[in-house]
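Dock chain Y against the given chain B, drawing on the hints supplied.
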Amino acid sequence: MPPLLSVRNLGLTYPNADGGLSALRDLTFDIAPGEFVAVVGPSGCGKSSLLQLLAGLRLPTAGSVLFEGEPLTGPRRRIGVVFQKANLMPWRTVLQNITLPLQLQGLPAAETQRRAVDLVELVSLTGFEHTLPRHLSGGMEQRVAIARALIHRPDLLLLDEPFGALDALTRDRMGLELLRIWDRYGKTIVMVTHSITEAVFLADRVLVFTPRPGQLRAHIPIPLPRPRALSQTYSPQFGALAMQVREAIE
Amino acid sequence: MAIANPLNTSLPAGPAYQPRSLRLWQALLLPLSIGTLLAVWQGAIWLKQYKSYILPSPARVWQRLWVALADGTLAQHAAVTLSESLGGLALGLAVAAVLGYLLAHSRPLESLLAPYIIASQSIPIVAVAPLFIIWFGSGPAAKVLICALIVFFPVLINVIVGVRSVEPDLRDLMRSLRSNRWQTFAHLELPAALPTLLAGVKIGATLSVIGAVVGEFVGADRGLGFLITAARGQFDTALVFVAVLTLVVIAMSLYGLVALLERALLAWKE
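Chains as they are written, first to last, in the working numbering: chain B, 1 to 250; chain Y, 1001 to 1270.
For the record, the hints were derived by calculation from the structure and aren't laboratory data. All values derive from a computational prediction rather than experimental measurement. Glycine included, each C-beta is placed from N, C-alpha and C at the ideal position. Each hint should be verified, as a subset may be incorrect.
Claimed, not checked - FRET-style restraints, in silico, Cβ to Cβ:
1. Pro1108/Y x Thr13/B: 44 to 50 angstroms
2. Tyr14/B x Phe1136/Y: 50 to 56 angstroms
3. Pro1108/Y x Asp183/B: 47 to 53 angstroms
4. Arg173/B x Asn1180/Y: 17 to 23 angstroms
5. Met243/B x Trp1268/Y: 44 to 50 angstroms
6. Val1161/Y x Arg246/B: 35 to 41 angstroms
7. Ala1119/Y x Tyr14/B: 34 to 40 angstroms
8. Pro1108/Y x Glu129/B: 55 to 61 angstroms
9. Ala1090/Y x Ser124/B: 46 to 52 angstroms
10. Val1161/Y x Gln232/B: 47 to 53 angstroms
11. Asp167/B x Ala1119/Y: 51 to 57 angstroms
12. Leu1030/Y x Gly44/B: 38 to 44 angstroms
13. Pro1019/Y x Asp183/B: 52 to 58 angstroms
Said to hold, decoys possible - From chain B, some residues computed to sit far from chain Y (all C-beta separations above 10 angstroms):
14. Asp30
15. Asp118
16. Gly239
17. Arg246
To be verified - Below 20 angstroms or equal to it, Euclidean Cα-Cα: the simulated SDA-like pairs (lysine to any residue) are:
18. Lys1269/Y x Ser137/B
19. Lys1269/Y x Pro1195/Y
20. Lys1269/Y x Pro133/B
21. Lys1269/Y x Leu136/B
22. Lys85/B x Trp1062/Y
23. Lys85/B x Glu1167/Y
24. Lys85/B x Lys1051/Y
25. Lys1051/Y x Ser1033/Y
26. Lys1269/Y x Thr131/B
27. Lys1269/Y x Leu95/B
28. Lys1269/Y x Leu132/B
29. Lys85/B x Arg1171/Y
30. Lys1269/Y x His135/B
Extracted from the complex, chain B is given alone in its bound form (with noise of 0.2 angstroms):
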């Protein structure tokens, strides 16, 4: 099957006062359709601005980013994102925010009101369609991002640390949650993140970076069979390959 996404010598230089600073060199990867890839490495590897990237929401200085083999040049509505913060508009209710996306591209009230209730569902929401945001958990605020990113159905999900600002035990039950998304809803994630243990968990194929400028330096496939549930987190096979992780980013 022809890859999803395609990376090909990319290189993200930002400008500065001596010559730039270099955040991203020579990436290349591929990412095959359904695929579940997370992208590790120590803050400040530029694993934020790889997602970028891949989202068209930043330009590469160096090399490219092929979206089915055509180069990517700005956002495109079959890319989801979900950003390190919820990102929900304060104003809307749950309800609203999850439809966003479909209300700027003008779909018919009905397929809109029928794929949201769907998503609700789907991120165990029901009974706050009307919230605001202010008064969801972080971990629900985040369900709402996710449910967002799902309403105009990418192909391709990017996830940036999403789970970053939640407690450890919400998170748990988070990536349980992403991972029965992913399940049912069959498309492909590329997931960035920090924690080991969670990269280790939800993908099939774990990224790892160098620090500033980042690097590829491993590209670890991660066999343990699916579906996961948290218990295999404390299986022999799971702490080799977390400490195979680890070792790649030391």
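Relative to the frame of chain B, chain Y by itself:
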């Protein structure tokens, strides 16, 4: 509500629970303060035996108010001032909103226009009012323009601050959803800037009344500013009081109207 937070400066109406005695006290506060003011006023007259053209008694002002209401002069002049204020508010608001939006998006335009905008504010409105009367005549047009000028600045600044305060992450979100310029405005910038914009409109609403009166002082044959000048010339100080109080009522009503609008539009903030 009006007593707990009369200026409506913060939207949350304070603590949800207050002991009953405190609430009772707050409800009595405004009548008490007005009563005290009237008592001091009347007391000063009894004590110092001021002539009524220096300081008319509350009762005299009250009688004058009824006379002015009965013969229609008050309503007639108040309507003129109110319409000038509203016209100026609308005009100043419209120009400031459009220009503020453009300035918020363009630093070069801001650095080009900022000196002129700030200069326009450093000139006292009373100093430019005569020019406006010379250029636009003693009709309502000059007053509307004076009001607009005085409303313009606070609204402009608030629009710029409001539009710039939109979170960059939300802009990224809108970009990732391929929102066009109009959609970004309607769904993100407008609702995000609305609280700041309305705060500016509140200031503008009261300033607008001042603008109208300043214009009427300089040259007019109607309006509350004219009424004050005319009454002063006839030593009808009670009528001056009536006109001033009417101005206060107009300014407070405009302010209250914007505050109501704020409550309706920003219910999500409560």
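For each hint, the structure was consulted:
no. : hint                                     : in the structure
1   : Pro1108/Y x Thr13/B: 44 to 50 angstroms  : violated (25 angstroms)
2   : Tyr14/B x Phe1136/Y: 50 to 56 angstroms  : holds (53 angstroms)
3   : Pro1108/Y x Asp183/B: 47 to 53 angstroms : holds (51 angstroms)
4   : Arg173/B x Asn1180/Y: 17 to 23 angstroms : violated (37 angstroms)
5   : Met243/B x Trp1268/Y: 44 to 50 angstroms : holds (48 angstroms)
6   : Val1161/Y x Arg246/B: 35 to 41 angstroms : violated (46 angstroms)
7   : Ala1119/Y x Tyr14/B: 34 to 40 angstroms  : holds (38 angstroms)
8   : Pro1108/Y x Glu129/B: 55 to 61 angstroms : violated (45 angstroms)
9   : Ala1090/Y x Ser124/B: 46 to 52 angstroms : holds (48 angstroms)
10  : Val1161/Y x Gln232/B: 47 to 53 angstroms : holds (51 angstroms)
11  : Asp167/B x Ala1119/Y: 51 to 57 angstroms : holds (54 angstroms)
12  : Leu1030/Y x Gly44/B: 38 to 44 angstroms  : violated (57 angstroms)
13  : Pro1019/Y x Asp183/B: 52 to 58 angstroms : holds (55 angstroms)
14  : Asp30                                    : holds (22 angstroms)
15  : Asp118                                   : holds (19 angstroms)
16  : Gly239                                   : holds (36 angstroms)
17  : Arg246                                   : holds (30 angstroms)
18  : Lys1269/Y x Ser137/B                     : holds (17 angstroms)
19  : Lys1269/Y x Pro1195/Y                    : holds (9 angstroms)
20  : Lys1269/Y x Pro133/B                     : holds (10 angstroms)
21  : Lys1269/Y x Leu136/B                     : holds (14 angstroms)
22  : Lys85/B x Trp1062/Y                      : violated (60 angstroms)
23  : Lys85/B x Glu1167/Y                      : holds (11 angstroms)
24  : Lys85/B x Lys1051/Y                      : violated (69 angstroms)
25  : Lys1051/Y x Ser1033/Y                    : violated (25 angstroms)
26  : Lys1269/Y x Thr131/B                     : holds (13 angstroms)
27  : Lys1269/Y x Leu95/B                      : holds (17 angstroms)
28  : Lys1269/Y x Leu132/B                     : holds (9 angstroms)
29  : Lys85/B x Arg1171/Y                      : holds (13 angstroms)
30  : Lys1269/Y x His135/B                     : holds (11 angstroms)
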